[in-house]
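J.: Read off the chains here:
Protein chains: 2
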Amino acid sequence: MKKVAIVANGLTKFNKTEKPLDSLMLSSIKPIFENTKNLEQKDVDVVLTSTNAHENYLANIISELSGVKPKISHSVESLCNSGTNSLVSAYAYVSSGLAETALVVGAEKTDNPGLVLDWDMSRGEFKHPIFWASMFTSAHMRKYGTSLEDLAYVSVKNHKNALDNPYAYFEKPFSFDDVMHSKNLTGNIRLLDCSMPCDGSAAVLICSEEKATKYTDTPIWITGIGQKTISASFTKNDDLVSMESTKIAVADAYHMSHKTAMDVDVVELHDAFSVCEIIELEDMGFCQKGQGSKFVRDLYNTDDKKINPRGGLIGAGHPLGATGIAQVVEICQQLGGKAEKRQVSGAKTGLVHNMSAGSTSSTVLVLES
Amino acid sequence: MKKVAIVANGLTKFNKTEKPLDSLMLSSIKPIFENTKNLEQKDVDVVLTSTNAHENYLANIISELSGVKPKISHSVESLCNSGTNSLVSAYAYVSSGLAETALVVGAEKTDNPGLVLDWDMSRGEFKHPIFWASMFTSAHMRKYGTSLEDLAYVSVKNHKNALDNPYAYFEKPFSFDDVMHSKNLTGNIRLLDCSMPCDGSAAVLICSEEKATKYTDTPIWITGIGQKTISASFTKNDDLVSMESTKIAVADAYHMSHKTAMDVDVVELHDAFSVCEIIELEDMGFCQKGQGSKFVRDLYNTDDKKINPRGGLIGAGHPLGATGIAQVVEICQQLGGKAEKRQVSGAKTGLVHNMSAGSTSSTVLVLES
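Protein sequences appear in the order of chains X and D. Here the first sequence stands for residues 43 to 411, numbered as in the numbering used here. Here the second sequence stands for residues 43 to 411, numbered as in the numbering used here.
Derived by calculation from the structure, the hints in this document are not laboratory data. Owing to the predicted nature of the structure, the values given are computational and were not obtained by experimental measurement. We treat Cβ as the ideally placed atom computed from N, Cα and C, and that holds for glycine.
If you anchor each label on the Cβ, the simulated ranges turn out as follows:
| # | chain 1 | residue 1 | chain 2 | residue 2 | range |
| --- | --- | --- | --- | --- | --- |
| 1 | D | Glu251 | X | Thr277 | 38 to 48 Å |
| 2 | X | Pro73 | D | Lys214 | 53 to 63 Å |
| 3 | D | Leu227 | X | Gln83 | 30 to 40 Å |
| 4 | D | Glu76 | X | Lys348 | 44 to 54 Å |
| 5 | X | Phe168 | D | Thr59 | 29 to 39 Å |
| 6 | X | Ala293 | D | Glu251 | 24 to 34 Å |
| 7 | D | Ser164 | X | Gln83 | 12 to 22 Å |
| 8 | X | Lys84 | D | Glu60 | 40 to 50 Å |
| 9 | X | Asn80 | D | Leu107 | 39 to 49 Å |
| 10 | D | Asp160 | X | Gln83 | 24 to 34 Å |
| 11 | X | Leu107 | D | Ser65 | 31 to 41 Å |
| 12 | D | Thr255 | X | Thr152 | 44 to 54 Å |
Reference listing, derived: stretches of chain D covered by chain X, where coverage requires no fewer than 3 residues with Cβ under 8 Å from a Cβ of chain X:
| # | region |
| --- | --- |
| 13 | 98-105 |
| 14 | 271-284 |
Assemble the whole structure, with the sequences as input and the hints as a guide.
T.: This is the structure:
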């Protein structure tokens, strides 16, 4: 398999804006063309767009508006992990030799679909994602004694991390009491346990090993990829205290990269709700099963930014089609030593975890500087 | 680059039906699982869905309904060449080594979007595809003297070919007079010069060289791939007598496969309107520029089925997301000697041409037995 590098990235502020979807995408692409040495529009072989928006021919529109005439252009949709699906697809084009250079851009608007999961008959009337999160939360509480206080630490930590992320949706701190007393939505999930749907866009440029040094002195290598779909219905998870697709995806990503959780210096994981971070830390081997809450509390108490340094989805916001790509951008900045106040010292190996719809599908990427 | 084979395929009848989109997709997948030796659901690493429908998480839904738990699943959209975009994406997954076996399924319903091209500001009020086709027709008439009679031969030939295709939308012949006197829509395009939007689905299973003989004794190899996007706006074509994206895509596909038009035995090309077939035959080197009309007339007069043996889009119907895959299915059947009454004798090398939105993007594939 040919090596593939991430050589440039771009982000927009995550917020609520009047900008249409295509303008958002152009805003995250613009810094890539402005800041990447030797990059010309004619170099781009692939343009993939990632969104849940119901737009047709979007990748062609973005190509034309960017002045790019790629070989390959299309839109990719897989709900909340559309972003990493499009990145892995671009990886495959480059790794196979069909393309040298690929631009991947994701964006979402809060009025795009994807927040109500109409297709999942196993949910009955409970079609908002908060209901699967509530059931995972209840199950984890029953089996491992996870408390509302434990969940609050995830939110407080990630909101705190987001304060050092100039692109984050939230710009003010939330105290432990703020989270504990935020509006209780399901009995075990409060408003501040939830990631915030918002507008935003993220983009990365990837290329073959041969081309990487043309564009950057600090390429970030995609060394591990794991993806798994178990279903479209969250009740197909074997139990509700772990995420089967995540466990399979992370095992494949570790195998491909010859790494384990012990080797990972910095992580962006899919904390759609507080309970997700706890379960995912356990399922990806960062702690023993049932120890996720203690792990998060230790991170908080030691001001360790290793997990979700940009604030995760809870602190930075969750523009669905952009999220997976924004996670990748953060890890690239961390491994490139460009994460400023968020920098995890000496980070050489990073991990991205991006999932959809109650972990019915997951993507895990290992990145290395 | 690792070799990739098409090892199985499935189709639905193209018609108008009450079946929902997911049921249509399952109907074209079913024969693949029923008829492919040694194939089990657990073997499928990738499920890609191709459609213009505004469905979220469709590839996961289709995976679950098919009993498949793939590594990779997402939906691909690029308007009328969504089908070949998804196939080339699957090729990249297999060729790169990220996957061994991939299922690609396309489907459309006539009430799906894609028939009105809202994004193309260069069209002004003329947003239905018939208007770009009308402008191409006018330009070709002016420059090469193409006549309404010439266009009618495309339609009569393709409707005639479709009579031997049990999956075609049209089931009755149309005479030269029928076409000439069908409703005149734009002055130079009659109703029977148009492909018919309809419901339908098509699917193929592809795999690595190592796995091909496990599933079939007659693999069809994807030996040439060319894709090009020039814009989202059809007026960006340099002129309106040729299709720039098609010329670039076919050159790349010939280069990769070490073939020329001379080597190609059978073709499925994107005759969205009669004029398209004439222009594409010229642009892909099957005849000199300006000789497309004569070429089609000769095919008709000699009852030669080399071009669009299943009836093309005009005879078989045009369910957008399924079309590119259905074209591939036809060429696989031709190269496998399984095309029954449509069989082009001794066909060893075939070509698929699938394009979108006034040829603003094109895919060309060379397939070999």
